[in-house]
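Protein chains in written order, with this note's numbering: chain Z, 14 to 268; chain V, 12 to 530.
Worth flagging that the hints you see were computed from the coordinates, not collected in a lab.
To give an idea of the chain Z side of the interface with chain V (calculated C-beta under 10 Å), a few residues: (1) F61; (2) R62; (3) I63; (4) R64; (5) G83; (6) A84; (7) I85; (8) K86; (9) G87; (10) T88; (11) D89; (12) D94; (13) L95; (14) P97; (15) R232.
Between beta-carbon pairs, the in silico distance windows are: (16) Z:H182 / V:R68: 41 to 47 Å; (17) Z:R64 / V:S159: 39 to 45 Å; (18) Z:L164 / V:R39: 45 to 51 Å; (19) Z:G260 / V:G112: 29 to 35 Å; (20) V:G112 / Z:R64: 39 to 45 Å; (21) V:G112 / Z:I141: 50 to 56 Å; (22) V:T201 / Z:I141: 57 to 63 Å; (23) V:A104 / Z:Q183: 53 to 59 Å; (24) V:A90 / Z:E205: 44 to 50 Å.
Don't be surprised by glycine CBs; every beta carbon is placed ideally from N, CA and C.
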Amino acid sequence: MKVFASYNIKGGVGKTATAVNLAYLAARDGYRVLLWDLDPQAAASYLFRIRPRVKGGGKALIEGTRSIDGAIKGTDFGNLDLLPADFTYRNLDLILDSAKKPTRKLRTLLTPLRAEYDVIFLDCPPSISLLSESVLHAADLLLVPLIPTTLSVRTLDQLTDFISGFDGHQPRVLAFFSMIDRRKSLHLEISEQLPTGRSDFAATAIPALSIIERMSTQRAPVAAFAPRSVAARCYAALWTEARARGGLPAPPSAS
Amino acid sequence: MLNGNDWPGPDGALPVPGPAFAWAPASRPRTLRRVWLDTFDWRLYRAGLTLEQVSSRARTDITLTGRDGTAIAAEQVGARQPGQAAAKPNWPARLEALPPGPLREHLGPVVGVRALAPVAKAVSVIREHPALNSDDKTVARVAVERMSVSYPSAATPPARLTVTALRGYQPQALRLIDALSAAPGVAGATQSALEAALAAAGRRPGDYSSKIDVELAPEMPATAALAAVLTALLDTLEANVEGTVRDLDVEFLHDLRIAVRRTRSALKLAGSVLPASLTGTYRPEFKWLGDLTTPTRDLDVYLLEFPAMAASLVAATPADLEPFHNQLARKRAAAQRQLARGLRSTRFSRLSTGWRDALARAAPGRRRPTAARLAATKITHAHQRVLSEGAAIAAASPPESLHDLRKRCKELRYLLEIFGSLYDPGEQWRAVRELKGLQDCLGEFQDTQVQHDKIRAYAAELMAERAAPASTLLAMGEIAAGLMVRQQQARNEFSGRFRDFASPLSQSRIRALTATAAP
Chain Z
14 MKVFASYNIK GGVGKTATAV NLAYLAARDG YRVLLWDLDP QAAASYLFRI
64 RPRVKGGGKA LIEGTRSIDG AIKGTDFGNL DLLPADFTYR NLDLILDSAK
114 KPTRKLRTLL TPLRAEYDVI FLDCPPSISL LSESVLHAAD LLLVPLIPTT
164 LSVRTLDQLT DFISGFDGHQ PRVLAFFSMI DRRKSLHLEI SEQLPTGRSD
214 FAATAIPALS IIERMSTQRA PVAAFAPRSV AARCYAALWT EARARGGLPA
264 PPSAS
Chain V
12 MLNGNDWPGP DGALPVPGPA FAWAPASRPR TLRRVWLDTF DWRLYRAGLT
62 LEQVSSRART DITLTGRDGT AIAAEQVGAR QPGQAAAKPN WPARLEALPP
112 GPLREHLGPV VGVRALAPVA KAVSVIREHP ALNSDDKTVA RVAVERMSVS
162 YPSAATPPAR LTVTALRGYQ PQALRLIDAL SAAPGVAGAT QSALEAALAA
212 AGRRPGDYSS KIDVELAPEM PATAALAAVL TALLDTLEAN VEGTVRDLDV
262 EFLHDLRIAV RRTRSALKLA GSVLPASLTG TYRPEFKWLG DLTTPTRDLD
312 VYLLEFPAMA ASLVAATPAD LEPFHNQLAR KRAAAQRQLA RGLRSTRFSR
362 LSTGWRDALA RAAPGRRRPT AARLAATKIT HAHQRVLSEG AAIAAASPPE
412 SLHDLRKRCK ELRYLLEIFG SLYDPGEQWR AVRELKGLQD CLGEFQDTQV
462 QHDKIRAYAA ELMAERAAPA STLLAMGEIA AGLMVRQQQA RNEFSGRFRD
512 FASPLSQSRI RALTATAAP
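Extracted from the complex, chain V is given alone in its bound form:
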């Protein structure tokens, strides 16, 4: 693959391919409409995969290729004659929009629950030029592709030249490539067509991640550091609003919620370095936003776990749960409408624009403490709270004590993430390893409790509305019992998980982490 900036010229002339080769007349131009697809968080790109929908006059195909450009799976999704192929999906869409087959099977494990959406769109005009040897025999075909990118913005990348050797003529094709590469304005292409399209349009593939993407320096003022982190969290939050409102997939809301929770934790735990008026104004606003998102997310979690719950039934059958599933789907649709209204509201737009301005004003505030000092103080304090509250939990302690401990763990975890760029990534990962184990256990304990309480309430509703037969209620009872078993298991595991977290080695890792950045 070669890139050309100065050719073909306005007359379509190609560079002279050296004395050993000549050009035969080019083929008639072919026009292709190209749409590259990926999830919002670039799961395919990160996995080294490219998914492209190519439409010609006659048909549309979607092809998945690997890092080396070889096709892994393909599916025809459009034909001139109706009924000759599956319908072309209307992107963005979830994987189910593709017909069942190898392509969907390959994509499933990578894409998961995420929707696929266009990341770039272009129209390519391709002309093929046969390259002839001294016998006037074609030894290679040189495709010249001129791409006009229309999305994410209008752009024209350099023409791309692909040399395809005819069978048995690879050595001659390599000599042709050498000759073409030596022509002025031609260079070896290092980017794929997608990367070239995105680069021309001013976008970088993989430019979104739900991780906090801020580089803090230990000596920078804590106020500026916190403002930078909070601004990055606002970027993440805003990036996920459209997908959440359009309900493209459940991960938009998930990422949005995490950004809100991290913001709230940062304000609660480290907000003292920001002006008091600012935290006083915005903490209630972010609580409102968090609460707005909760009903939909809770129902999402229920619906995501539904297949596993149905499969776990022993006495009842999955079909018994259908009225319950319908009930959840109805509630979820209502919650989603409420959520979308909230995110389109003036209150939300005031929150996001006001918050960004407030952070910009607050950033150049006090010079002390430093980011490292603030991080060390807050992380040490949060760590101590987890240790002391956890140590106080005994077999007879009420469930609330574990719920509270979960909150403390989350605070510690968020602090480690917020200030993560101050630390060595390897050390940070080792420091949170036992914390993650403890969080998983506490999460299971509380989530099963919440789901148990909810399923009882849902069952009561179904009964009151006479909307489900007894078999449904019995199946829900079986699920509720299963949740209690899981909760008990989590409770039994707690002491071991906490012991690991509170071990001298684990404690020393967290202490060492904060000490490195704040000498």
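Next comes chain Z alone, as it looks inside the complex:
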């Protein structure tokens, strides 16, 4: 089992769209996939038409009084389950703070799901917090969507520096440009120059496309409702890179 986390300190950069589409594409490839919507805004849950409610809230999950297993919901797509968001997730930092080894907590919680899923996607809220740190320790691969600005790139460097200070397990990083607006010369300039020479950058970039925004009205991954669109093709290319970088073996059904 591999854990892929869609993470950025900033909000509105395409984390949820990435997690939802890549989780969908992984499931379509035959992997058994769980997507955990860790963001109390519950955008991923909304996109899969699943009500953002977990019995006992985040506290029960983190403290183990309720099993994660019982909170999982099936999406409308085969092989793809979702652990919904809950408004109490806004307090996950506080809850983690009172737990033992808080930065390792998420990894421990996911361990029992190892037999049931091939990939777990974590859709993280935008922050740098105890929860984020726990996510970074749990993840095998960090998918980091970046809007092509100088400050975003600086944020990526801060993140990789932070990870390199971890003892033992360190997640790999796959950064990629997201929401590229071709009308903006700065976007084009940075997105063409920066990835050169950086091993943690994906060749694929996700443009700013209205069809991606339409996910919120269609309430489905763009790869599901517009499989031939440019956006769907971009996510498919990103998934191919992510799978290779995350070291995910071929799906069971492909053997």
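Position chain V relative to chain Z; hints supplied.
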């Protein structure tokens, strides 16, 4: 699981699932070819197991499921690309036709030496309908299966509806099932797909057993009772002819022979209530039939015991026996050809049709004696014969005296089986318990003798034909010696077994049994 008689309608419309749910467009239909397999005597069904071969366009799988429908083991036996899976067996076939693996291992102890054959065949067209909640979220998938049965006869069972909850939506799925169950023409399905297919085709699972399946009443005329039993035995005999001729497995011949032996015993011991011309005509015919089946069955027994015999060797090795095994297999093939010719002959077809007609004519004959009276008289007489002949056997008695006693025991046992439905099953079982022990001992004594004599004859043949090296003959000698040891053991056990059978308690059980039905 639900059954629907009136839906989906010609337009494919499903019943309205209540105000809380809506249907999303159905998936494209899937077509599956389904073949259910079992042994001729329904060993899997009786053990609560279902074995089904399902073929789609891409692949064929065989799955064994338990009573609750959960899969126990499965094996892929066919793929679009050659070499991707084991070959699909050509049913009927023995278990060895399946690739080695968990499925074969699970089936082995239940199926034994029997062949697996289709008991039903159907083509299913399945459409999946997602059921949506008020958020347009799928909470369950409802598979509608329309089955066209082609075997054992063409039939169309009611459509079957399977509701599968999506993970985390079990409560909503249960509400959906309640809503669907309330729709007109829908009812909870109590039968499995196999049972539904068979019911539509007019067949009952478990409808064959080698046991005598006739309900006799104590006061019914003995002639009618005996005719009913003999007709049931003829049914069993005929049911096993095809399997015997096609040599599907050794149990067809075994069951056929038992039906013949029971018939012969019934005619010999109780045939006096039938017209004399009838017994006079058919007793020789059934003797012919019995004799026809003997060579193949004897060789079957030898071959069935062969692995155990080979494993028992101490001085020789199992490989030494290979020429002997080949000799037995050749003889068996020749005997089987002879047997099949006999069962396809005019003589046999005249015997079976003539016998059925004769029994039908004889059934409404004399009103007296009653079935219970005849049973009591014959069982008491046979019991007394076993007691007196057994008591006369001493340590110095010749082997023939034990062989004869075995025949008397068989007669008593057959009478108890033929008239078994007149008695309480529990009392009957207790009555035959000691008899079975005695029969096992006498059977071992005689079978080892016969096998010993045969192996000597086979060895002589192999020598005369120069068809086996000395090591084979030495190994056969070792087996012959082992058979003699077993025979001696059986002989040593005899007095104890007979003492149990002749004990006052055992005697009183048989007397009580006949007394209950014939006051």
